[in-house]
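Q: One letter stands for each residue in the lines below.
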Amino acid sequence: QVQLQQSGPQLVRPGASVKMSCKASGYSFTSYWMHWVKQRPGQGLEWIGMIDPSDNETTLNQRFKDKATLTVDKSSSTAYMQLSSPTSEDSAVYYCARKTDYWGQGTTLTVSS
Amino acid sequence: DIVLTQSPGSLAVSLGQRATISCRASESVESYGNSFMHWYQQKPGQPPKLLIYRASNLESGIPARFSGSGSRTDFTLTINPVEADDAATYYCQQSNEDPYTFGGGTKLEIK
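Protein chains in written order, with my numbering: chain A, 1 to 113; chain B, 1 to 111.
FYI, nobody ran anything at the bench for these hints, they're computed from the structure. Even glycine gets a Cβ: it sits at the ideal position worked out from N, Cα and C. Keep in mind that a hint or two might mislead.
Counterexamples of contact, computed for chain A against chain B with all Cβ distances above 10 Å [claimed, not checked]:
1. GLN5
2. SER17
3. VAL18
4. SER25
5. GLY26
6. SER28
7. ASP52
8. SER54
9. GLN82
10. SER84
11. GLU89
12. SER91
13. LEU109
14. SER112
Once the Cα atoms are required to be at most 20 Å apart in a straight line, the calculated SDA-like pairs of lysine to any residue come out as [unchecked claim]:
15. A/LYS99 / B/GLN46
16. A/LYS67 / A/THR110
17. A/LYS23 / B/LYS49
One chain only, chain A, in its complex shape:
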């Protein structure tokens, strides 16, 4: 069955780079774009961007163009998202999602000094 296993919660200092992962299984990793979505506590969903694992083509929401970097490792069927210079505004749950249908459980990021 399709599964997206995301890395565990992270507590980081403001300004320290953070990278989270999303390991896919149960399907052909290179056949579906991988999406990333942000959800701040008690708030709605915000689409960050997507990456095509077959050729690394990336489409980013312009709001995140200086914040998020999406990459993949085809050998391990894992997608990554790196957030640069995090601030308290980046404290949120981050989800990876295969297109629209399967979602990871989310990675909680807390940015605090």
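Using the hints provided, position chain B relative to the given structure of chain A.
A: Relative to chain A, chain B alone:
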């Protein structure tokens, strides 16, 4: 960016009755004869779950009590009849044009 406006922001529906949630897009989300509007259910502490894709297609495993309709800029999610387990927040999302925006959400309470 395409703005999705959901209404109402919250609603309370009696068990066994009908719930209707609206999603209006600031511009058409239709391309090549398909409406790229999707509906999700989210419960606290859980990721969103896909209910309806491309406006009216029921995702596998989702009860037929859920249905979607609409085209171009106006879409509706209907739950009929509502059950206690349907208490959740519902979101629409368009994937016709990036960025793939979400509506603000509708919180459903079951009376």
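Q: Could you run down the list of hints and mark each one as holding or not?
A: The hints, checked one at a time:
| no. | hint | result |
| --- | --- | --- |
| 1 | GLN5 | 12 Å, holds |
| 2 | SER17 | 23 Å, holds |
| 3 | VAL18 | 20 Å, holds |
| 4 | SER25 | 16 Å, holds |
| 5 | GLY26 | 14 Å, holds |
| 6 | SER28 | 18 Å, holds |
| 7 | ASP52 | 13 Å, holds |
| 8 | SER54 | 18 Å, holds |
| 9 | GLN82 | 19 Å, holds |
| 10 | SER84 | 19 Å, holds |
| 11 | GLU89 | 18 Å, holds |
| 12 | SER91 | 16 Å, holds |
| 13 | LEU109 | 15 Å, holds |
| 14 | SER112 | 21 Å, holds |
| 15 | A/LYS99 / B/GLN46 | 18 Å, holds |
| 16 | A/LYS67 / A/THR110 | 16 Å, holds |
| 17 | A/LYS23 / B/LYS49 | 19 Å, holds |
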